[in-house]
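Enquirer: Each chain is listed here by its residues.
Protein chains: 2
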Amino acid sequence: MAKVLTSRSENYSQWYQDLVIKADLAENSAVRGSMVIKPYGYAIWEKMQAELDRMFKETGHENAYFPLFIPKSFFSKEASHVEGFAKECAVVTHYRLKNDEVNGGVMVDPDAKLEEELIVRPTSETIIWNTYKNWIQSYRDLPILINQWANVVRWEMRTRLFLRTAEFLWQEGHTAHATKQEAIDETKQMINVYADFAENFMALPVIKGTKTDNERFAGALETYTIEALMQDGKALQSGTSHFLGQNFAKAFDVKFASKEGTEDYVWATSWGVSTRLMGALIMAHSDDKGLVLPPKLAPYQVVIVPIYRNEEQLAAISEKVNEIVSKLKVKGISVRYDDKDNRKPGWKFAEYELKGVPVRIAIGPRDLENGTVEIARRDTLEKNVTSIEGVDEYIENLLDEIQENIYAKALNFRAENTVKVDTYDAFKKAVKKGGFVLAHWDGTSETEERIKNETKATIRCLPLEYEEEEGVCIFSGKPSKRRVLFAQAY
Amino acid sequence: MAKVLTSRSENYSQWYQDLVIKADLAENSAVRGSMVIKPYGYAIWEKMQAELDRMFKETGHENAYFPLFIPKSFFSKEASHVEGFAKECAVVTHYRLKNDEVNGGVMVDPDAKLEEELIVRPTSETIIWNTYKNWIQSYRDLPILINQWANVVRWEMRTRLFLRTAEFLWQEGHTAHATKQEAIDETKQMINVYADFAENFMALPVIKGTKTDNERFAGALETYTIEALMQDGKALQSGTSHFLGQNFAKAFDVKFASKEGTEDYVWATSWGVSTRLMGALIMAHSDDKGLVLPPKLAPYQVVIVPIYRNEEQLAAISEKVNEIVSKLKVKGISVRYDDKDNRKPGWKFAEYELKGVPVRIAIGPRDLENGTVEIARRDTLEKNVTSIEGVDEYIENLLDEIQENIYAKALNFRAENTVKVDTYDAFKKAVKKGGFVLAHWDGTSETEERIKNETKATIRCLPLEYEEEEGVCIFSGKPSKRRVLFAQAY
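Line by line, the protein sequences give chains A and B. Under this note's numbering, the first residue of the first sequence carries the number 1, and numbering increases by one thereafter. Under this note's numbering, the first residue of the second sequence carries the number 1, and numbering increases by one thereafter.
Just so you know, these hints were derived from the structure itself, not from any lab. Hints may be right or wrong, so weigh each one.
Unchecked claim - For lysine-lysine, the following DSS-like pairs were computed, each having C-alpha atoms within a straight-line distance of at most 25 Å:
no.	chain 1	residue 1	chain 2	residue 2
1	B	K259	A	K98
2	B	K340	A	K180
3	A	K320	A	K289
4	B	K331	A	K98
5	B	K22	A	K133
6	A	K57	B	K331
7	A	K57	B	K340
8	A	K344	B	K259
9	B	K348	A	K259
10	B	K113	A	K113
11	A	K355	A	K409
12	A	K355	A	K329
13	B	K348	A	K77
Looking at chain A on its own, in the form it has when it is part of the complex (with noise of 0.2 Å):
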């Protein structure tokens, strides 16, 4: 077995990269901080892309694309954007090569730089607000309600696979409204899309709320976000959605006559989620034997493998197969029939553990006699035998179970790891010992910021659920009326 994992609690960070690795998800490239997302990988993204396309097209977006370059100057324009964004960036100066002729090879050819400098785009708001303007006139030109996917690229210094690389692909939807209720309703709305995914699709229980004023988007007046917890105890950032006010419509002077005849400027919002969802999907239900995908991602939700002596035996358990695939696709379910024979059984059940797919399907002579098949569930690790007949509604009903189950894992691991402290000692114990931890804090930046410094825990949300109750910060002691949620973060 060449590709055995490292075990989490030997070296949680070592066993997700070798997971990432060896399942076939990604790798690193040539070029610093950029990855290559493999097909399998990429499979599971094109599902989670298709999702959120459907939930994106059902509340009324429609998708478009902007330029891959920004012109430096855009970036000046809005005075809190310029601030948290524009400078670790991939810099565009020059548009030509020409061959080197002392060096040999291609240099850059000194006499085409540009007049000014194109950003490779960290996040588009600039140049949509600046391709808004054309668009907007009157509030009959509003809402607009746009998604874009995309890559950017914010030249990170330390990257992991998924979690933070300098290249990424995301979505990032943009919306143009006439009020500033109907864009605080958008803001909201998709960041409820978002937690619906993240819980129904990603088998991955969200914490929803809103961002300090430090952890806010760069120019926005609020930020939602939606807060899950990794098996390691840290706590993943999964989705943002931003409510951006008038902010880059007065950078961009974008205004709209009103029904009344009143001229005012335009309410934006913005949301996004990126390939990172590909890292706390892995982080979030995989074990030491690799990843365990929930069904509704897999690329394919079944694997069948024959069990066999000689060509004969083969034949006809793969005519047995067959039937059983039909029967399967009939219910929309995707399976795979591994009959290669360059690897032996053994070997095809680690692979697809390692790959994670939710439920493996063994089949040899004997089951062939008997009208039975071994069937092995990845969350649980748990194998059956049971009567071919009537196994695809048996898996049918299996691959709910899967998904309901990964998510209850979740949700407890979650809830185990979850603790009210009011003291400031017991918020240390509880942040070195790692989990959500919910206590109370006197609503200012500066305590904020010196609790991060001692314990590296920040504030993840304001939960949008919440009881009010008297209480003082555990930091500074002054009364505060809530608790917020914090934790060590990626």
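Put chain B on the given structure of chain A with help from the hints.
Expert: Frame of chain A; chain B shown alone:
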């Protein structure tokens, strides 16, 4: 009518530009040479993507994702590739901006200069073959059949929406094979997939053929192309598939152990189509009233416009329309009901003609009484009154008929604009008139070049389907055994 187009006869090029912008397909952006693809245009591209992606998967390909950036040195590795490609492209030299203390705004941080410049991919052969090197050891690792949907950048000096832009969207297939024959078969298979897509979805007749030495892809041994004829008599190269031999395997040292234990370089292909297909689709079928979309690629195939004087009439019409909409949806026909009250029916009629919606249904109070609707087809602009009873089947058949008619019309146009010539005088006259010109050629690059310089006509391809015949080159008078396809081209 603010949205009237320049006519084709008046100024074909302006007509195209007007149409792309006024039908809300795309527009120029603030970044030189980069376009914004607007939602309606992007919806057509999504339809194209979906069909092509299905066809790629049916022929055994998987999607993956490789980095946007390519180290400069990679371009020097394949000699002919660097000659043909690496020159006009966007070069990233820095990775950070900083506040400009003197002038305000931001400036490129001179301390953040990359050791090696990164090129924004103009095509991905180099980075992909550098990756394949690590994936391929033995014949068991072959074939690799991968496709990527991505953005690429080629610094074009003269750009036109969809036809030639600095950044464009495309797919690029990159496959690796154990044998030469398998790679050649793959190359041919993919040009057939493209031709199938062009003819059966885009309703665009194409001529399949191979490129001459001059026109071949940089690094390929053979380039297959599909060539379409536009209404102005110019050819548009619409897709290419390249047999790359062992060139990239040699450049990146990608060898494999064969079944027999020998070691050999891997055989390669690459193939791609881009948002340029949008240009082909628009130019091939549209008229002076706007876009004409083949039903299979229309974002919505049917639009329903109510004709009414008061709310009561609208309510009665809407009730009937909802029935029609349900029936159409059951048949998988996409339909939009435009009951917006801010525009008159005449305005809407013109708007949907401009946007190329294949079928328009108008329904008013008189229609309700008679149990009829008025149906207008976009391709011929004919109107018909038909019974509401069975309208779903009527439209289902009509959409098929429109798809076929658009194709037949384009095929007929091509037949009328394809000539065989046998003298250079006749050739020059034919090229000036426009259209495809079939002529004998002596097979030399020199003759090809001189014809191009004198007439602007290039050899579009050596058609795969041809009859052997004795002849003499129109230019040199040397003997030739077949005709090749000439045209002026986009």
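Enquirer: So which of those numbered hints doesn't the model satisfy?
Expert: 1, 3, 4 and 13
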